[in-house]
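Participant: Spelled out, the chains give:
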Amino acid sequence: MSAATNIDGGGTLAGYNFAYLDEQTKRMIRRALLKAVAIPGYQVPFASRDMPLPYGWGTGGIQVTAACIGQEDVLKVIDQGADDTTNAVSIRRFFATTAGVATTERTVEASIIQTRHRIPEKPLTEGQILVYQVPIPEPLRFLEPRERETRKLHALADYGVMHVRLYEDIARLGRIATSYSYPVLVNDRYVMSPSPIPKFDNPKMHMNPALQLFGAGREKRIYAIPPFTKVVSLDFEDHPFEIQKWDEPCAICGATGSYLDEVVTDDAGNRMFCCSDTDHCAERVAAGEGPGAGESR
Amino acid sequence: MTRPLLSVEALEKRFTLHLQGGLEIPVLDGLGFSVRPGECVVLAGASGVGKSTVLKLVYGSYKASAGRVLVSHEGAPVDLVSADPRTVLDVRRRTLGYVSQFLRVVPRVAAIDVVAEPLVTLGMPREEARERAGTLLDRLAIPERLFSLPPATFSGGEQQRVNIARGFAHPYPVLLLDEPTASLDARNRATVVQLIEEAKARGAAMVGIFHDEDVREAVATRLVDLTAERMAA
Amino acid sequence: MSETPLLRVEGLAKRYGALKAVDGVSFDLWPGEVLAVVGESGSGKSTLLGCVAGLAESDAGSISYDSRHDGIVDLRALSEARRRWLLRTEWGYVHQNPRDGLRLGITAGGNIGERLMAVGARHYGRIREEAQEWLERVEIEAPRIDHLPRTFSGGMQQRLQIARNLVSRPRLIFMDEPTGGLDVSVQARLLDLMRTLVTELQLSVIIVTHDLAVARLLSHRMMVMQRGRVVEAGLTDQILDDPQHSYSQLLVASILQG
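Chains as they are written, first to last, in my numbering: chain W, 24 to 320; chain F, 150 to 382; chain G, 1149 to 1406.
Next comes chain W alone, as it looks inside the complex (with noise of 0.2 Å):
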């Protein structure tokens, strides 16, 4: 590791505690997250910290996974479902650094995957954490700007404006146009936003048997889906849900039921279609999948 000459014999940099945050601050957020878990979707607020990122940059995710990781975890971060993308890397390496934990770009191996805009492909198992970036986590935000009246309309399970929402989409373009941070219902109750991930995410999240945990910094909120819990997007019975379709496979490994990236090979303006989740791609090319051969065709 090369920043092995800041770190002292614990495996940790000196002066600071086990994954930056001290232990009252830990505390502080796991009574949060217990919270959570105890109510599904549900929003508690917690006393976020100041992190040494800027907000936006994953400041409650952050805080979560400081709160929940042990020496004996396993890290993956991801950002747009890539492993090697700077905030991925900068956060990977900032846990290996204050608590000297292993990391892993592989989702089977990883105990705890802090992921910003994506749920990996591989299906998840109990055991496992997954810990949402969440920018903002009010899903009632786009109608009713006054917290105040946005507590008290989840309070009291008053959602006539979400689907709201979702016609005034259908009125306009002809068809439910949110594409990510589409609303949910957990557990028949709370209506939920799942943070910025693609709809062709939000499937994934029902009955899960991963804990899901979500962390906004900048808003100081917290919520949680436990493992197996109803999550359901909403719709309208004649404008069902429908996750993305694309007409191609990946270019890269072959595959037809992923979430592909649009990619801009050259300057005149070729682009290929390849997974956004690249573990998931990687571990499907060393499988021997491809384009030519495989499941896919």
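If you are wondering where the hints come from, they were derived from the structure by calculation, not from laboratory data.
If you're wondering where the values come from, they're calculated on a predicted model, not measured in any experiment.
The reader is advised that the hints may include incorrect statements.
[Stated by the list, open to error] Simulated coverage check for chain G against chain F, where a stretch passes if three residues somewhere in it have a Cβ under 8 Å from a Cβ of chain F: (1) 1195 to 1202; (2) 1231 to 1237.
[Stated by the list, open to error] Heads up, incomplete: computed chain G residues facing chain W, CB under 7 Å, no partners named: (3) T1255; (4) G1258; (5) M1265; (6) D1294.
In this text, a Cβ means the ideal position worked out from N, Cα and C, and glycines have one as well.
Chain W is already provided as a structure; the job is to place chains F and G on it using the hints.
Facilitator: This is chains F and G only, laid out in the frame that chain W set:
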């Protein structure tokens, strides 16, 4: 003899004008009369003696200072002076009609619907009510092309006839007539007289004010002279 | 005639510090009845309306309402959840300023459809059909269904607000100076529309207005308020044609000419 449908007993009315230092204007003192089915009682007396006031007191547009106005409503007498507003409204809907000279028009309602409204309010299907309204308007010489227009644009005489049609649309057991024939031509006056005769024939009890002597002669079963009543009291 | 009032208010009071904004007001409202509350500004009529509709807390008295599902309920003791449920199912509230009663950033169709969606309608096509029908009833041209209300004239906004309220087939409508900010010609059209809808739908209405002509056209009964108290109550035509209380006489004399 049959029982009266309308009895006015010891009716008193004073106006108190608070804006003029509580000035009291006595108008009626101890008026009494009753009207039986098939009767048309005509209020007589010099102008300013309070004939219209009596009709308004009976209808409840004016609040009586004392006395009783008993109307036989759905088989039982109701005192409109002491009844609560809701009861008075129900009596007006079903039992007590009022035909004034002036039509209080609602801006955009068609003439035929103005006439049909009292029937619709009582639950008659709109088409049936319109049919009856049409027949009445026709008798009162309102041309059919005007039926669907709001009466606000009609001439004074036409508005008055729409108002008469409205007053006679529902067969009220008790009817108050406040100069319904004023400013009508001979033909329409005759129609109104006919309508009043038909109401008598079906057993309605009516109280009216008529300036036109011919009409008064034609419809009055008897006169109540308010000048005499006031003196007597 | 029905035997129980839809709404019964007894001894209602509301203070703002030393000011008695509503001071011991009692009245019944029966099904299908339109009650006008008149008085000059500051007489407490809007505060009374807010207290009865539960938008403001009252300090004393009782308000009982005969609800469709739960029978007679005490509104002052009702949970906020139930009260809000009533507000979007059995009641309507038409604000003087359409900005308070409409979502200006949402299309006309969305504004009308919101109440339907709030009570569980989940079929876009049917919601839209119903919104269309209501636009027609309040005389707004069909293509405007996808327009934002901020592009509407004041009269149209007010008609849209009425449609938004009536779509859930309420029984009781609260109206606070609904014709307040409108031109006279626009007012006439709105009044006429309200009158028709009230009769057709057999609505019970409490309408607060300082305009006695509005009260005469729409209401069966009237309450005259002065300094938080009802100084006179009765049939609308009786109060307007033969007002008894000195304040009512002043109101009638100063507003109704001819």
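Participant: Hey, does the M1265 of chain G contact hint survive, CB to chain W under 7 Å?
Facilitator: Given a least distance of 4 Å, the restraint on M1265 of chain G holds.
Participant: Closer than 7 Å between Cβ atoms is the bar; does T1255 of chain G clear it against chain W? Give me holds or violated.
Facilitator: holds, 6 Å
Participant: Quick check on the hint: G1258 of chain G CB to chain W CB, less than 7 Å?
Facilitator: Since chain W brings a Cβ to about 5 Å from G1258 of chain G, closer than 7 Å, the hint holds.
Participant: Taking 8 Å as the Cβ threshold, is the statement that the segment 1195 to 1202 of chain G is covered by chain F upheld or broken by the three-residue rule?
Facilitator: It is violated: at least three residues are needed, and the segment 1195 to 1202 of chain G offers just 0 whose Cβ sits closer than 8 Å to chain F.
Participant: Under a C-beta cut-off of less than 8 Å, do 3 or more residues of the segment 1231 to 1237 of chain G approach chain F closely enough to confirm the stated coverage?
Facilitator: violated (count 0)
Participant: With chain W as the partner, please determine if D1294 of chain G meets the hint condition of a C-beta pair closer than 7 Å.
Facilitator: holds, 5 Å
Violation of the numbered hints given earlier is confined to hints 1 and 2; the remaining hints are satisfied by the structure.
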